[in-house]
Amino acid sequence: MAKMTMVQALNLALKQEMEKDDSVIVLGEDVGLDGGVFRVTDGLIDQFGDQRVLDTPLAESAIAGMSIGMAAYGLKPVCEIQFSGFSYQNFHQIENHAARLRWRSRGRFHVPMVLRTPYGGGVRALEHHSESRETYWAHTPGLKMVIPSGPRNARALLVSAIRDPDPVIFYEGKALYRAFREEVPDAEETLPIGQPQLVKEGKDITLISYGAMMRPTLEAAAELKTKDGIAAEVIDLLTISPLNEEILIQSAEKTGRVVVVHEAPRSFGPGAEVVSRLMEKAFYYLEAPIERVTGFDIIIPLFSREKAYLPGTERILRAARKVLAH
Amino acid sequence: MPRKKITISDKVEYLSILDEKGQLDKKLEPDIPEDILLRLHRAMLLGRRFDERLLNLQRQGRIGTFPPIKGQEAAQLGTIAHLRPGDWMVPAFRETAAELWRGRSLESIIIYNNGYSEGIDIPEDRNDLPISVPVGSQIIHAVGLGWAAKYRKKDDVAMTFFGDGATSQGDFHEGLNFAAVFQVPVIFVCQNNHWAISVPLSKQTRAKTLAQKALAYGMPGIQVDGNDILAVYAAAQEAVERARNGGGPTLIECVTYRLMMHTTADDPKRYRSDEEVEQWSKRDPLIRFEKYLMDKGLLSEEKRSQVESEVIDEIQAAVDRAEKQMETLGDPMEMFDHAYADIPPYLKEQKADLARELSMIDKEGTHG
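The listed protein sequences correspond, in order, to chains W and G. With my numbering applied, the first sequence covers 7 to 332. With my numbering applied, the second sequence covers -4 to 363.
Worth double-checking, as some hints may not be accurate.
List time: in silico DSS-like cross-link candidates among lysine-lysine, alpha-carbon distance up to 25 Å [unchecked claim]:
(1) W:K26 <-> G:K149
(2) W:K260 <-> W:K209
(3) W:K209 <-> W:K313
(4) W:K209 <-> W:K233
(5) W:K260 <-> W:K287
(6) W:K9 <-> W:K313
(7) W:K313 <-> W:K233
(8) W:K287 <-> W:K209
(9) G:K346 <-> W:K287
(10) G:K148 <-> W:K26
(11) G:K343 <-> G:K22
(12) G:K(-1) <-> G:K286
(13) G:K203 <-> G:K0
(14) G:K148 <-> W:K21
(15) W:K287 <-> G:K0
Label pairs and their computed distance ranges (CB to CB) [as the list claims (entries may be wrong)]:
(16) G:I192 <-> W:D303: 30 to 40 Å
(17) G:E359 <-> W:E194: 28 to 38 Å
(18) W:S273 <-> G:Q274: 30 to 40 Å
(19) W:E194 <-> G:P80: 36 to 46 Å
Worth flagging that the hints you see were computed from the coordinates, not collected in a lab. What you are looking at is a predicted structure, and each value in this text was computed from that prediction instead of being measured. No residue lacks a Cβ here, since even glycine has one placed at the ideal position from N, Cα and C.
With these hints in hand, go ahead and build the complete structure from the sequences.
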């Protein structure tokens, strides 16, 4: 057990999986000598050499496409796209090939690759560095879309993603990389992909979120408790797709009131899917319309204004109190 | 502070061995075993006649849209003939003759082209990726496969096919660049058939050749007469041997011509002249190869007719088998197979919904 940042925890997952399985290959821009711009792959090239950790030429489409070829051969590539804002350059490789090769070859080939990429705002970054576009990937059949919310679950989910037989898009919240430390056990730990987690039990209202928005959501839950005497139940989705709704339905049936929080734009965002599932399966238990607290349907502003764009504790509290007032 | 010429030591060669009149350059003639020559001839004839039959089936509404290969058989067979079963083929979508050479069945192509995914089935012992429709996007997969083979210390190679249009794509550039940087055992086969649907080669590039693009990546590039199977065979032999022996990738530009439409949904009369097509018909790869085989005494008119009738029978039998098999392929529920290794719960529900809907339609007697 050691207290680790998310960067260190992700590094541990990669290191241990590479030690166990020589089919795990890390590739991307600056992942070798530089250890990745956020240092997630730090030291891997020293331990495993440049045949396991590949500094590639600067081309996102080829990084993803080469990973597809490696995976079709039977390797388990973990590629890094330096910022999710650059991953649109490889979108067609994932959409046309990674997500479809199992189906298109009727099971003859599959693509056990992981595409890791930092997403989201909150770190005063450059343009094209701060958006949240998980919906693009979640909308593509054949893909899995995973977003951890802290060091411990990031490590466990990355291990599961590497072992998963299907392609996994793995979003790492930049705002979480060094935000806080958690105890991360040295012994192997995995988490099932496609399984949301109940992180806080409550009876009055359900707050559903994931990724970097889990922190303000949990803060809002704590404040509801101390200021309003409200027991909020909090669910961390962890996986956006495939979205398992069971735990969401159970919670909505219990509390009758739901708020969904994400920093991605509101329209057609993951919140819309969560709300639809609850409308379809928990409608008669709902006491109030479900509220969404999200990014706005605009390009995320330059960093001096990003705080006003990102959902924060206050905005979540306002939405929760509105739902509770019904 | 000079301004001077940088000497680039690489060169781009053009190779032609058997010209359109069937004249042979004896000095360049590759030493191809007789049985391989005859196999290549049969495969060319099969590719040609099958293409014609597919067009026929399409016009009769018995299959859907497909891309004919007529005129490009030599480019496909002269290259693919060098692959061993463990090697990897990464096709675009106009490589029917090469796919048949690799062992894909005729009926699977008919079934696929009639909209049934059962036609995609790839047996475990054939290392071929399925065809790739988004132009050029498959090129980089060959690089990943080649890298993996090298990493596993196997001497397998990967061969990928694409057209002249694909060389305008970023994926072509990225693929060749990665291949050269990582020195992977990959053979890039460009079937330069002069037309990307309606856009001619002259509007695709200002470069004199496509082969020369290899030099910028630091790999050998060669332009060959793609309708001359001897030239294609010789160039591919060199490239495959180099790749297998750790010498890295090669780009082969096969200069050929698409004698038919892009796909059966296209009318080439809108963008090119009959005269041009006629000129290229005279350079037909099959005619000159048959003359070569006859000059060598390996083929006679009689033998040729025999192969021809065997091929026609083989195609007819495949059409019969395919049509019989398709009668059993009506179940739409197949579409849910192979989405993921494990089907997620909500997808199970969607599948059950469709099954229920179909059974209700069945009961009402309106289905099918």
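How the hints compare with the structure:
1. Among the hinted pairs, W:K26 with G:K149 is consistent with the structure: their alpha-carbon atoms are about 22 Å apart, no more than 25 Å.
2. As the CA atoms of W:K260 and W:K209 are separated by approximately 6 Å, the hinted pair is consistent with the 25 Å bound.
3. Taking the CA atoms of W:K209 and W:K313, the gap is about 31 Å. The hint is violated against a cut of 25 Å.
4. The suggested pairing of W:K209 with W:K233 holds, with an alpha-carbon distance near 16 Å, which does not exceed 25 Å.
5. At roughly 13 Å between alpha-carbon atoms, W:K260 and W:K287 fall within 25 Å of each other, so this suggested pair holds.
6. The suggested pairing of W:K9 with W:K313 is violated, with an alpha-carbon distance near 28 Å, which exceeds 25 Å.
7. With a C-alpha separation of about 24 Å, the suggested pairing of W:K313 with W:K233 holds against the 25 Å cut-off.
8. With a CA separation close to 19 Å, the supplied pair W:K287 and W:K209 stays within the 25 Å bound.
9. Distance restraint check for G:K346 and W:K287: the Cα-Cα separation of roughly 17 Å lies within the 25 Å cut-off, and the hinted pair is therefore satisfied.
10. Note on G:K148 and W:K26: the hinted pairing holds, with a Cα-Cα distance of about 20 Å set against a maximum of 25 Å.
11. In summary, the hint linking G:K343 to G:K22 is not supported, as the alpha carbons are separated by about 65 Å, beyond the 25 Å threshold.
12. For the hint linking G:K(-1) to G:K286, the alpha-carbon distance of about 51 Å lies beyond 25 Å, and the restraint is violated.
13. Taking the CA atoms of G:K203 and G:K0, the gap is near 20 Å; set against the 25 Å cutoff, the hint holds.
14. Distance restraint check for G:K148 and W:K21: the Cα-Cα separation of roughly 23 Å lies within the 25 Å cut-off, and the hinted pair is therefore satisfied.
15. A distance of roughly 73 Å separates the Cα atoms of W:K287 and G:K0; the hinted pair therefore is violated under the 25 Å criterion.
16. Distance hint for G:I192 and W:D303: a CB-CB separation of about 37 Å, consistent with the stated range 30 to 40 Å.
17. Hint check: G:E359 to W:E194, Cβ distance near 55 Å, so the stated range 28 to 38 Å is violated.
18. At roughly 56 Å, the beta-carbon separation of W:S273 and G:Q274 lies outside the given 30 to 40 Å, and the hint is violated.
19. Take W:E194 and G:P80: their Cβ atoms lie about 38 Å apart, and the range 36 to 46 Å holds.
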